[in-house]
Amino acid sequence: MAELQNLMHGFSVAATLPNLGFMLIGIILGILIGVLPGLGGANGVAILLPLTFSMNPTSAIIMLSCIYWGALFGGAITSILFNIPGEPWSVATTFDGYPMAQQGRAAQALTAAFTSSFVGAIFAVLLITFTAPWLARFALQFGPAEFFAVQLLTFCSFVGMSKEPPVKTIAAMMLGFALAAVGMDSMTGQLRMTYGYTDLLKGFGFLIAVIGLFGIGEILLTMEEGLAFKGKSARINFRVVWQTWGELIKLWKLFLRSTLVGCWMGITPGGATPASFMSYGMARRMSKDPSSFGKGRIEGVVAPETAAHAAGTAALLPMLTLGIPGSPTAAVLLGGLLIWGLQPGPMLFIEQPDFVWGLIASMYIGNIVGLIVVLTTVPWWAAILRIPFSVIGPVIIVICAIGAYTVNNSMFDVVMMLVFGVLGYLFKKLKYPLAPLVLALVLGDMAESSFRQSMLISQGSMAIFFSNPLVGGIVTLALVLLFWPVLGVIKDRLRQRERAAGG
Amino acid sequence: MATQEDDKGAEPGAGIGTRGPELGVALLLVVLALLVITDSLRVGTGWADDGPRSGYFPFYVGLILLASALWIGFSALRTGPKAQAQEVFAEYSQLKSVWAILWPMTVFVAAVTQLGIYLPSALLIAYFMWRHGHHRWWLTAVVAIGVPLSFYLVFERWFLVPLPKGPIEAWIGL
Numbered sequence: 000m001a002e003l004q005n006l007m008h009g010f011s012v013a014a015t016l017p018n019l020g021f022m023l024i025g026i027i028l029g030i031l032i033g034v035l036p037g038l039g040g041a042n043g044v045a046i047l048l049p050l051t052f053s054m055n056p057t058s059a060i061i062m063l064s065c066i067y068w069g070a071l072f073g074g075a076i077t078s079i080l081f082n083i084p085g086e087p088w089s090v091a092t093t094f095d096g097y098p099m100a101q102q103g104r105a106a107q108a109l110t111a112a113f114t115s116s117f118v119g120a121i122f123a124v125l126l127i128t129f130t131a132p133w134l135a136r137f138a139l140q141f142g143p144a145e146f147f148a149v150q151l152l153t154f155c156s157f158v159g160m161s162k163e164p165p166v167k168t169i170a171a172m173m174l175g176f177a178l179a180a181v182g183m184d185s186m187t188g189q190l191r192m193t194y195g196y197t198d199l200l201k202g203f204g205f206l207i208a209v210i211g212l213f214g215i216g217e218i219l220l221t222m223e224e225g226l227a228f229k230g231k232s233a234r235i236n237f238r239v240v241w242q243t244w245g246e247l248i249k250l251w252k253l254f255l256r257s258t259l260v261g262c263w264m265g266i267t268p269g270g271a272t273p274a275s276f277m278s279y280g281m282a283r284r285m286s287k288d289p290s291s292f293g294k295g296r297i298e299g300v301v302a303p304e305t306a307a308h309a310a311g312t313a314a315l316l317p318m319l320t321l322g323i324p325g326s327p328t329a330a331v332l333l334g335g336l337l338i339w340g341l342q343p344g345p346m347l348f349i350e351q352p353d354f355v356w357g358l359i360a361s362m363y364i365g366n367i368v369g370l371i372v373v374l375t376t377v378p379w380w381a382a383i384l385r386i387p388f389s390v391i392g393p394v395i396i397v398i399c400a401i402g403a404y405t406v407n408n409s410m411f412d413v414v415m416m417l418v419f420g421v422l423g424y425l426f427k428k429l430k431y432p433l434a435p436l437v438l439a440l441v442l443g444d445m446a447e448s449s450f451r452q453s454m455l456i457s458q459g460s461m462a463i464f465f466s467n468p469l470v471g472g473i474v475t476l477a478l479v480l481l482f483w484p485v486l487g488v489i490k491d492r493l494r495q496r497e498r499a500a501g502g
Numbered sequence: 000m001a002t003q004e005d006d007k008g009a010e011p012g013a014g015i016g017t018r019g020p021e022l023g024v025a026l027l028l029v030v031l032a033l034l035v036i037t038d039s040l041r042v043g044t045g046w047a048d049d050g051p052r053s054g055y056f057p058f059y060v061g062l063i064l065l066a067s068a069l070w071i072g073f074s075a076l077r078t079g080p081k082a083q084a085q086e087v088f089a090e091y092s093q094l095k096s097v098w099a100i101l102w103p104m105t106v107f108v109a110a111v112t113q114l115g116i117y118l119p120s121a122l123l124i125a126y127f128m129w130r131h132g133h134h135r136w137w138l139t140a141v142v143a144i145g146v147p148l149s150f151y152l153v154f155e156r157w158f159l160v161p162l163p164k165g166p167i168e169a170w171i172g173l
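So the protein lines, in turn, are chains A and B. Start counting the first sequence at 0; every next residue gets the next number (numbering that gives the first Met the number 0). Start counting the second sequence at 0; every next residue gets the next number (numbering that gives the first Met the number 0).
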């Protein structure tokens with residue numbers, strides 16, 4: 000049980016007074032980000048990342064990951080009280096959460112949401128605690144070909160799993176790779192695609208892209224919908240919490256199922272949003288009375304929230320062990336690690352045990368602190384949402400601009416933020432997925448160098464990707480996922496033909 | 000992250016369809032793909048003595064981007080120009096509200112590059128509260144001055160992160 004020993008050591012790192020303070024700040028900032036429109040987990044962490052440059056990496060990542068937990072909690076508040084999903088993964092929570100609030104059961108809905116988030120997260124953290132060291136040891140044997148295969152799997156599963164049209168997923172992803180390639184080639188030192196502009200030497204910062212795509216893009220979308228916040232208010236007292244918990248214990252099967260869905264979707268880069276929808280759909284299908292969903296069933300809140308948090312947390316497992324983030328927010332955290340000079344991947348567990356186990360321990364404490372904070376402070380957050388958008392909107396734009404500037408102290412980045420913002424608006428309206436773009440931008444250089452190193456080893460032969468069962472298996476799985484949509488189309492065609500023949 | 004399902008059932012003619020924007024974005028992607036491919040060819044897509052050249056990987060990225068953008072473009076062309084056949088991209092009233100925030104944002108960014116962050120921030124907040132919120136003048140003034148000031152305290156004093164400053168800050172002596 001080396002893991003338990005390590006974990007205990009981690010607690011001694013994480014549970015120091017300053018770190019607990021950073022956790023609390025992180026959680027509160029995170030909830031704020033989750034509640035405000037236009038600021039989400041990914042761009043919130045991106046904007047606050049520069050603030051942590053002067054901190055030590057362990058405290059910094061603890062604070063940043065707590066912002067992430069806070070954002071996950073915060074999304075539920077707006078969806079239940081205001082029917083506005085503060086985060087995309089809380090869309091499914093509005094289906095039953097808002098009807099519950101309309102029926103005067105807002106406190107129950109919120110308690111259920113927070114508790115499910117907590118349960119989902121804790122199970123995912125347990126998963127990380129016990130499988131991460133094992134996965135990291137396993138990944139130590141990986142060569143460049145294996146790493147490229149895993150990266151290929153990540154990207155192919157986007158094509159296979161996303162709701163958006165596959166060709167748009169591919170286009171968004173390739174745009175990400177292309178933008179990542181701009182600037183100096185890390186292997187030969189050659190300048191690429193700068194076309195003589197010195198501002199492009201550094202390439203496109205993915206933090207800027209995240210702030211623009213998710214922050215500014217979201218503001219434009221929010222504006223389009225014409226904001227009128229009409230919300231229910233809620234106060235949670237201890238008796239309601241206690242009663243709701245009693246009710247929730249009976250739903251343990253639902254919790255278990257939703258957690259499994261969430262963990263799976265988080266590790267494979269499906270992400271929190273599809274996980275929440277999938278879990279909601281499963282809960283409805285397996286219920287005895289599916290038609291009562293959408294009218295205020297507590298199960299309809301539990302299922303998506305549990306899965307979203309489990310997925311959001313489990314996304315950190317591949318990020319830590321393989322250096323491949325499972326979600327845009329995990330990608331931003333990965334970017335943070337790189338900035339602090341920590342190379343995520345299997346070696347991290349050997350070289351920086353304090354850091355890794357401190358972070359894992361902080362996930363336990365952070366989620367407990369988060370649960371207590373949200374349960375006690377709901378009315379304040381609801382009050383913040385009543386501030387009109389004519390005040391919040393420009394303030395968020397200013398925050399995004401500050402965030403974009405402070406990453407590299409560069410004015411060019413502020414301009415790029417605006418460009419990415421408009422692009423993000425267009426992409427969202429036209430159903431291009433943003434997550435593959437961001438992940439390709441983050442992983443582009445890594446994927447390229449592992450591909451080129453593999454090619455060097457094999458002298459340019461693609462056969463290296465099938466040279467042993469491990470790499471061959473991963474590549475085959477990736478190709479199956481890539482062509483999954485094609486299989487779906489063929490199946491539909493066949494079915495149509497059958498129907499045409501039959502009728 | 001698709002939070003919006005834009006099928007609000009608006010009657011055709013009340014907004015613009017997806018065909019135009021779809022073609023525009025596809026065209027943009029084609030141009031970017033061509034830029035990537037051209038420059039990859041310039042730096043070399045083959046092998047040098049020390050391994051693959053710099054254009055080796057981006058070249059194929061550019062090719063796939065080109066192919067998918069052309070696919071998107073052609074399938075948009077195939078829907079035909081009739082408004083009824085298309086999904087609604089946005090209604091005119093929606094586009095108007097997007098524009099109402101997009102142009103001040105653009106002016107703000109342009110101003111930030113010249114004047115630093117503080118003055119443009121105050122002006123942006125003040126303009127928005129006055130134009131769209133119709134708040135009382137003293138409240139507008141308090142928020143417009145208070146927010147940049149608190150950013151100054153948090154970033155420059157507490158976390159020691161310098162923010163861009165312009166001639167006015169230099170004149171005050173910050």
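The set of hints was computed from the structure by calculation and includes no laboratory data. A hint or two may mislead.
Stated by the list, open to error - Within a straight-line C-alpha distance of at most 25 Å, the following computed SDA-like cross-link-like pairs (lysine to any residue) qualify:
1) A/K162 with B/L40
2) B/K95 with B/Q85
3) A/K201 with B/L40
4) A/K162 with B/K95
Predicted model, so just to flag it, every value in this text is computed and none were measured.
(message) Could you work out which of the previously given hints the structure breaks and list their numbers from low to high?
(response) 1, 4
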